[in-house]
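Undergrad: Chains W and V, in that order, are what the protein sequence lines are.
For the first sequence, this note's numbering gives the first residue as 1, with consecutive numbering after it.
For the second sequence, this note's numbering gives the first residue as 1001, with consecutive numbering after it.
Hints are computed from structural coordinates only; laboratory data are not their basis.
Built from N, CA and C at the ideal position, the CB exists for glycine as well.
Among the hints, a few may not be true.
Estimated spans, in silico, between C-beta atoms of each pair [to be verified]:
#1 W:ILE290 / V:SER1003: 58 to 64 Å
#2 V:PHE1027 / W:VAL28: 38 to 44 Å
#3 W:PHE210 / V:LEU1042: 34 to 40 Å
#4 W:GLY43 / V:PRO1137: 54 to 60 Å
#5 W:PHE58 / V:GLY1055: 47 to 53 Å
#6 V:GLU1054 / W:THR59: 43 to 49 Å
#7 W:THR282 / V:ILE1017: 29 to 35 Å
#8 V:SER1003 / W:TYR119: 46 to 52 Å
#9 W:THR282 / V:LYS1002: 44 to 50 Å
#10 W:ARG289 / V:PRO1137: 46 to 52 Å
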Amino acid sequence: MKAQIELANQDNSSYRKLKDRIFFWFIVVMSVVTISPIVMIIGKLVVKGFRQFNFNFFTQTTPDTFEAMMAVSQGEIIPGGILNGITGSLLVVVLASVMAIPLGVIIGIYLYENQAKRYAGLIRSIADVLQGVPSIVLGLISYLWIVKHVTTGFSALAGSVSLCIMMLPLIIRSTEETMKMIPTSIKEAGLALGVPYYKIILRVLIPTGFSGLMTGILLAISRIIGETAPLMLTTLGSPVVNMNIAKPTSAVPLLIWEFYNDPNMVDLIWSSSLFLMGFVLTLNIISKRIAAKRRTI
Amino acid sequence: MKSDKVTKQILFAASLIILLTAAGMVFSLIMGAIPVFKEFGLGFVFSNEWDPTEGRENYGALPFIAGTLITSILAIVICLPMAFSTSLFIGEYFRKSAVASVISSMVDLLAGVPSIVYGLWGFYTLRPIIMELGLSPQGYGVFTSGIILAIMIIPYATSLSNEIISMVPNELKEAAYSLGATRMEVVFTVILPNARSGIVASYILAFGRALGETMAVTMLIGNSNVVPDSLFGTGNTMASVIANQFGEADGLKLSALIGIGLLLFIITALVNWIGKIIIKKFS
């Protein structure tokens, strides 16, 4: 009410219109400023990283400092690649997904089936709290649990446990939201036919909500694949390709950190980052596509 | 049916796992932090001396708590006008247009950039600019970290507020227009009061994100174990000190780092909880 009276009292309409124009352009300029970093980041990665992109980059392991130094001093591109990082990232992420996806989907379905229960509310709040826990703290936890007691040493398993805890809340939430969107009539039709409950989950709920689940899973993977901090505390890094889950393993973000700290290898950070960024982007685009398709149906 | 009972039990058991995980996390952090609290008591939280030299070890978390709060508050202050404008751009001014969807997917992309890539960009692009401007001789420090954090949390600050701004009923806006209000007046007298708590909640959640960011801050804050003396001074955050000093830590130092992890856990959980309560009240 007060605002309206104020408006009525102001009869300086040209001044108000001017203010309105200025505000409009402020919004436009600030929005452009907001999106400029992403353009600059991708631009920089492409320009500086493209030079190192070659076949060897994907098929060889990291060079040692001396090799890199020789190459740099002769003005050549650094030999070797990031194969140990790529395989390590795959190992850790696949392991984390194997643990987190089934568990997350089951918990999501549980929450959907028991919406009103107080216990379900508690689980939901816990998932929310877990989602807010900084990744470095998850690294600490996994260090205390897995590195100290299970594998007694830095290991791929420890890394994937910390990433698994990171993925869980995202998958739980997206599963529950997806299930809520499925018409209950479909489920009831199955129940009316006397289909056992587990078959309803496997044959009705999951297939119907498949694209929704997929979107959530892909987004969760794209979130964890670039994580560096928890892996520093758990998988440590390794100069060779390692497929043993109880041994230290490298990962692409860990390699970027190592390159960054080694003046001889610094050239490799851009190509590695470009690779990582490309991967995350692709996952994002695929999940957007799936989500968009779902909306049109 | 018997199988139905088993299915329900499996679902319930899965939910127990996450309950146990969360309880186990709190338990492990507390157990790990006990030695340092035994040694220094509450002084661990309020002392600003951090000295890992053997023989006269002294651990106080205050510099890092201060560093975390200062960088995060700075980040939210810098982020505010940008996120606010972008939300209005997407949720009101260009609602449902092609431009808005381009801008909104680019903002989403910001959330996909790995923290370490932000760190690299901050180091090689932002730091030279800060040095050029003469703000800080090395370009490291609280201010540089604050800018990077601000960019990193924009997607979290906008995602929710876009939706809430676009949900403000058209009738209210039209009523204001019919009284002769300009668009800007509609924004400030109709949209903002209606969307207020949702916008506040999304900024609180973004703040929670900023508190725990590790890699980018570690690369830019300068890593000195003191309370930052100015906006352009160097410091360390709780997350960055764990990342930096974990490698050579054992005994009491490890316990001190776990203690910092526990404090960080408590602070972020609290901030997120407040944000969620505001959202719940709103919906």
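Undergrad: The structure should be examined with respect to each hint, and the outcome stated for every one.
TA: Verification of the hints:
Taking the beta carbon of each, ILE290 (chain W) and SER1003 (chain V) are about 32 Å apart, not inside 58 to 64 Å as hinted. About 51 Å separates the C-beta atoms of PHE1027 (chain V) and VAL28 (chain W), a value inconsistent with the hinted range of 38 to 44 Å. Between PHE210 (chain W) and LEU1042 (chain V) the C-beta distance comes to about 52 Å, which lies outside the given range of 34 to 40 Å. At about 28 Å, the CB distance of GLY43 (chain W) to PRO1137 (chain V) disagrees with the hint of 54 to 60 Å.
Checked against the hint of 47 to 53 Å, the C-beta distance between PHE58 (chain W) and GLY1055 (chain V) comes to roughly 50 Å, which is consistent with it. Taking the beta carbon of each, GLU1054 (chain V) and THR59 (chain W) are about 46 Å apart, inside 43 to 49 Å as hinted. Remark: the range hint 29 to 35 Å for THR282 (chain W) to ILE1017 (chain V) is upheld by a beta-carbon distance near 31 Å. At roughly 23 Å, the beta-carbon separation of SER1003 (chain V) and TYR119 (chain W) lies outside the given 46 to 52 Å, and the hint is violated.
Judged by the Cβ atoms, the range 44 to 50 Å given for THR282 (chain W) and LYS1002 (chain V) holds: they are separated by roughly 45 Å. Between ARG289 (chain W) and PRO1137 (chain V) the CB atoms are about 48 Å apart, so this pair conforms to the stated range of 46 to 52 Å.
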